[in-house]
Amino acid sequence: MANKPNTPMLDQLEGGPWPSFVTGLKRLADDEGKSHAPIMKSLLGQLEHSYETRKGYWKGGTIGVRGYGAGVIPRFSEVAGDYPESSEFHTLRIMPPAGMHYDTAILRKMCDIWEKHGSGLIAFHGQSGDIMFQGCDSENVQTSFDALNELGFDLGGAGAGVRTSMSCVGAARCEQSCFDEAKALRMVINNMLDDMHRPSLPYKFKAKFSGCGNDCVNATHRSDFAVLGTWADDIKVNQDEVKKYVATLGRKGVNDQVVNMCPTRALSLNDDDTLEIDNKSCVRCMHCINVMTKALSPGDEKGVTILAGGKRTLKIGDLMGTVIVPFHRMETEEDYEWLVELSETVLEFFAENALEHERTGEMIERIGMINFLDGIGLDVDPNMVSHPRTSSYIRMDGWDDEVTKWNSRHGAAAAE
Amino acid sequence: MSEAQAAPRMPDECGVPDPQQYMHPTLKKNYGAWDWHDRPRVGVLHHVAKSGDEVWTVKAGTQRQMDVHTIRKLCDIADEFADGHVRFTTRSNIEYIVADQSKVDPLIKKLEGEGFPVGGTGNSVSMISHTQGWLHCDIPATDASGVVKSLMDELYQEFTNEQMPNRVKITTSCCQINCGGQGDIAINIQHTKPPVINHDLVANVCERPAVVARCPVAAIRPALVNGKPSLEVDEKKCVCCGACYPPCPPMQINDAENSKLAIWVGGKHSSTRSKPSFHKLVVAGLPNTPPRWPEVSKTVMKILHAYKEDGRAWERMNEWIDRIGWPRFFELTGLPFTKYHIEDWRGGRNSLNASNHVHF
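Taken in sequence, the protein lines are chains A and B. For what it's worth, full-length UniProt numbering labels the leading residue of the first sequence as 1, then goes sequentially. For what it's worth, full-length UniProt numbering labels the leading residue of the second sequence as 1, then goes sequentially.
None of these hints come from the bench; they were simulated from the model. There's no promise every hint is true.
So the derived list for chain B, only partly shown, Cβ under 7 Å to chain A, looks like this [to be verified]:
1) 12
2) 280
3) 284
4) 291
The beta-carbon is built from N, C-alpha and C at its ideal position, and this holds for glycine as well.
Same shape as in the complex, but just chain A:
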């Protein structure tokens, strides 16, 4: 395909105010003399063909780099006869720095590599957080990876293995951050690299890290191992700033937008325009802190809540993550080591006990939460449930032993 194809349908996506990916594709196709120009001409032709026929024309295959079994998404065209130069159009998934920070020097180096070896098309970022270097033929996959690897970047996950992870901006810029998200992400994921690069799990395994209940990286729903920041002591209140908010929003405004929106009715506006907080009722949902950013902030005893088993539809329907650790303080190096160990235990239990193509959440649904908790060595806690069981169909002949266990734990905690 020597000439740029006619793309009347794609052309329509160049109109309108939002930046157009089609304009980008065309710019690359117009780079006469560059190796990616013919690839992108061909790709434009195939994409237009998809728009005309309303069908996709890529199939998978097997492409990898030396030493790894995952991280490259192979794509071969089913219409290569008509669009030969993009007949191989593989993607390299590359793990971004935690928090997705870049300097322009590194971005320019990435562009140079991809312009030389690939299509010149890069997505920042995929749904799991990968930088996606899209469009490479089989021959250039190894060369591209070697060049990116020399820059200090590594392939991400694909297939039945540990996947690339995300953390929110967190401690780098957010005062609501309750732990060092980037550090936790790097320690946990870098400990699992073997299961990312040489995947041999029942199915994918994702971990995500959010600094508070606002969960800016969607950990609860989109990860098998969700780490959410929270705190155990009282919300910090600057009453002078509260009064300023009352002066600005009005008493009704503060009542409507803050007090009455508290999910556990833990807030009350005093007659002197100070805020009263019943911290025992607070579930650290972040709402009041989000509204009154200057007046309220998380407490000092910061740590994490950990949930397991979130995922999207396949196979049994959507599952939210479930609390497996209500709170663990994150302060010392040992706390971060503890997190790494727990994630490893969960991953190992999943590797040994899940069925083929079963996610952590589905495994928990099949074997029951109790067996899962037993398997990973965690004690039960009422924070793990929305409410206790409603069905009486259960054998309870071990009841007394379990009561003893609870009492011994409860007694030990009280004695501390």
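Fit chain B to the given chain A structure using the hints.
Structure of chain B alone, referenced to chain A:
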């Protein structure tokens, strides 16, 4: 060939890069020591550190799938205004962090001049998170980048303004596996017919037990067709989820006419106020019409307008619907309620109304 050339390069399993080396110096200096923030205008966040240092973050929309020329242009802007640093959000917006307030307005002017909308903060509709679609996925029934570009053109004013009751997150997915995720509004493909099987290919391409195991309703069983080992589908049982197609492409689920778009609302990931929630079906059967999918845009705008008009401050879409009730939602949006809205999947009875709580 020398010894050194002959030895293959093995990967340096360096893992996740340390962000500190790329981080804006003011962020690095005040890591973990921020005090408060506010939003001076749409698209700009202002963070103040305990040290007294201040940064302004200017957020701009991108097309996510970018050519190197676009990325270099974004880098030029960062070099000129933001000390050569940027970061990306999970919804593919780019963030420029500026320690000098006087650079904020010129930066905004520059970004807008180059065609990058500034916004996406607070109660705006942020960039749509999406999947790969026809550009790169091996199982898509629709495009993703195209649907998103068309919608974001429509939503431009909602990205560059903060006029919604609370933030709105939209996602699109080009098959029912739904990599795009949950959103206040999720626009997902809904396959409506069972897979069409090319029996000549199944035995060569598919690991048949794996395909049988993947069906959520046990509708697939091994069969001998035309003397060859293949698979058959009990079409009455089939829920047209497409789960068989990825491991067995000869079981084609995509169809130019019968792959439709469905719209779901009320997904919320955060634990802010209410607990996280799943998105719920509101419309199905919308045609898959490239290049601009006008039927989808029209429906999305209808839902957004109802929410914008009727939602109270800080109510996310699901919280608004919880307050007004589903009958009023269907009334305000003018959308029909059908038998297909009533859940019959696992645990479906939990979604039925077991009370005298009725909205009139």
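task: Give me the numbers of the hints this structure contradicts, sorted from smallest to largest.
output: 2 and 3
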